[in-house]
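Here the protein sequences line up with chains H and L, keeping their order.
Its first residue numbered 51, the first sequence is counted upward by one per residue in this note's numbering.
Its first residue numbered 16, the second sequence is counted upward by one per residue in this note's numbering.
FYI, nobody ran anything at the bench for these hints, they're computed from the structure.
In this text, all values refer to a predicted model and were calculated from it rather than measured experimentally.
By construction, the Cβ of each residue, glycine as well, lies at the ideal position given by its N, Cα and C atoms.
Among the hints, erroneous ones may be present.
Unchecked claim - With a Cα cut of at most 25 Å, we get these calculated BS3-like pairs of lysine-lysine: (1) Lys-256(L) / Lys-158(H); (2) Lys-306(L) / Lys-172(H); (3) Lys-251(H) / Lys-63(L); (4) Lys-41(L) / Lys-236(H); (5) Lys-188(H) / Lys-245(L); (6) Lys-41(L) / Lys-135(H); (7) Lys-245(L) / Lys-158(H); (8) Lys-188(H) / Lys-63(L); (9) Lys-256(L) / Lys-188(H); (10) Lys-135(H) / Lys-306(L).
What the hints assert, rightly or not - Computed far set for chain L versus chain H, every beta-carbon distance over 12 Å: (11) Phe-145; (12) Cys-189; (13) Pro-296.
As the list claims (entries may be wrong) - Partial chain L-side listing against chain H, Cβ under 8 Å, derived: (14) Glu-20; (15) Lys-63; (16) Thr-164; (17) Ile-225; (18) Ile-346.
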Amino acid sequence: MADEPKEPKPPQVPTGDKPASSTPAVSTPPGKPADASAPAAPPKAAAPAPPKPPVVLQTPLDNEFVPRFRAKFGAALLEAMEDRKQAILTVDRARLMEIALHLREEEKFDMLADLTAVDWPKREKRFDVVLNLYSFSKNERLRLKVWAADAEEVPSVVSVWPTANWQEREVFDMFGIAFSGHPNLKRILLPDEWQGYPLRKDYDILQQDTAWVRENLGIESGQ
Amino acid sequence: MGADELVINMGPQHPSTHGVLRVKLKLDGERVIGSECIIGYLHRGVEKIAENRTYQQFAPYVDRMDYVAAVSSGLGYCEAVEKLLVVEAPPRARVIRTILTELQRIASHLLWLGTHALDIGALTPLFYCFREREEILKIFEKYCGARLTTHAFRIGGLQYEAYDTLEKDVERFCKDFESRIVEYETLLTQNRIWIGRTKGVGILTAEDAIAFGVTGPVLRASGVKWDIRKAAPYAAYDQYKFEIPVGTTGDTYDRYLVRMEEMRQSRLICLQAIENIPSGPMMAKVGKVLKPPPGEVYHAIEAPKGEIGYYIVSDGTVMPYRVHIRPPSFINLQAFDRMVRGHLVADVVAIIGTIDIVLGEVDR
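Chain H on its own, in the form it takes in the complex:
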């Protein structure tokens, strides 16, 4: 993961050993689908009939914080945008730890309110890992994102914000994203022996680990 290019554009062979969605990961730049559009890209084809069709909801993030951040981390800042007036930074996965520490110490984002993930199976790097930060002194929220392909590890931020412990376990439980450096990475809500990761898009809502259900609950299916 250290050799990751600055921007994850060049199509690389899917490294996943887990069966990802059968679509071969080709030339779709990570920015393409829905929310993660590059700052320059105009809003996507307007949805059929939203209440106010031409409103631009996603704009490049433009405040005094961004240049300061870019000066420090340069190419590690992949994208800075605003969606419905909420700031979103997408950063290089390899430098997440360093950036997390900087945000906590220098920018005073002392609370990690929430950590979760989103699965975009058609994308080359299918996962967004999303950190919602909050700063008590500035009364500001900031969303930090990193992209990860199937079977790629994301650095754990437990040492920066201890609250990430259970939240990363939940992401591991539901998406199968491993966090490197996590002190106790195991399933949290599902049974330890459960097979599969339910919140992946290729996990059907009716699908489940029938073998586990049969063995432990003594019934054919939980449905």
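Here the structure of chain H is known, so what remains is to put chain L in place on it, guided by the hints.
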């Protein structure tokens, strides 16, 4: 593991774990030297369900997370989707939402107080608390027909128009409630046994509380004056005057005092709100089919137990692409291990009670 150490299981069928929480305690004699919470017994896959329902269809599901404060969960979800749609609920809806959520906060705190005191051995407060909680549930029942899983709000406004005597009912409740809190306090605040069981128990410092992401009354009892109703006002909270109570030491007794004061403040908010409920529509203009423009939003409100946040990603279709819920109980419970170390087994019960968790929300 040393020769004197003992590992015991508490729960998942223990009455004082408030549901199906299982705690593995590592003991040295009577003293707790380590703990592990094992959760997930009530996991229903709410977030997966959300991806397979329309925005409106999912709304009732959030009531079933924190089922003793369903109105608050519902408010958070409705407001998050409204943000995603870029609409705002009309003023009338916002005020009525505020009244109902504050009543819900009182009801939730009453349930907490009754059961928490019961766990510690004070039986009487439970009956007092349920007497008043019943009044609140009756108001909910008159408003929307349900007492617990209310589904009181709709995306864009209110599910129902306020019934004729809503203001009068709320006013009567608030008038009575002032002396009721005094009754609870005479039972507990100066009670030597109560003080002995709660003072200095389960101390959480402000630094630890922030590091563990703890929010709500638990955070405030540790001395951090932070409340989303003030920090980022939603509904109609910017119109009302109220105080944010804070504690000093962050022990169980402080958390008790903070929640008692919060009930008083909620009562004051309700009284201010019923004085002037604006007339006008109760729904914003939203279509029957909701298709939020692509994008994402994180919206958090101050639920009785802390920050409940909704992170919703839309791909422009009728169903959310992803809904993530940040449940306050789940995050707050993580601080349990820090609070319980060094205390006696009997205190474990007090500490579980003082975090105020609902397992429906922890496990989702």
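Task: Hints the structure fails to honour - done: 1, 6, 8, 14 and 16
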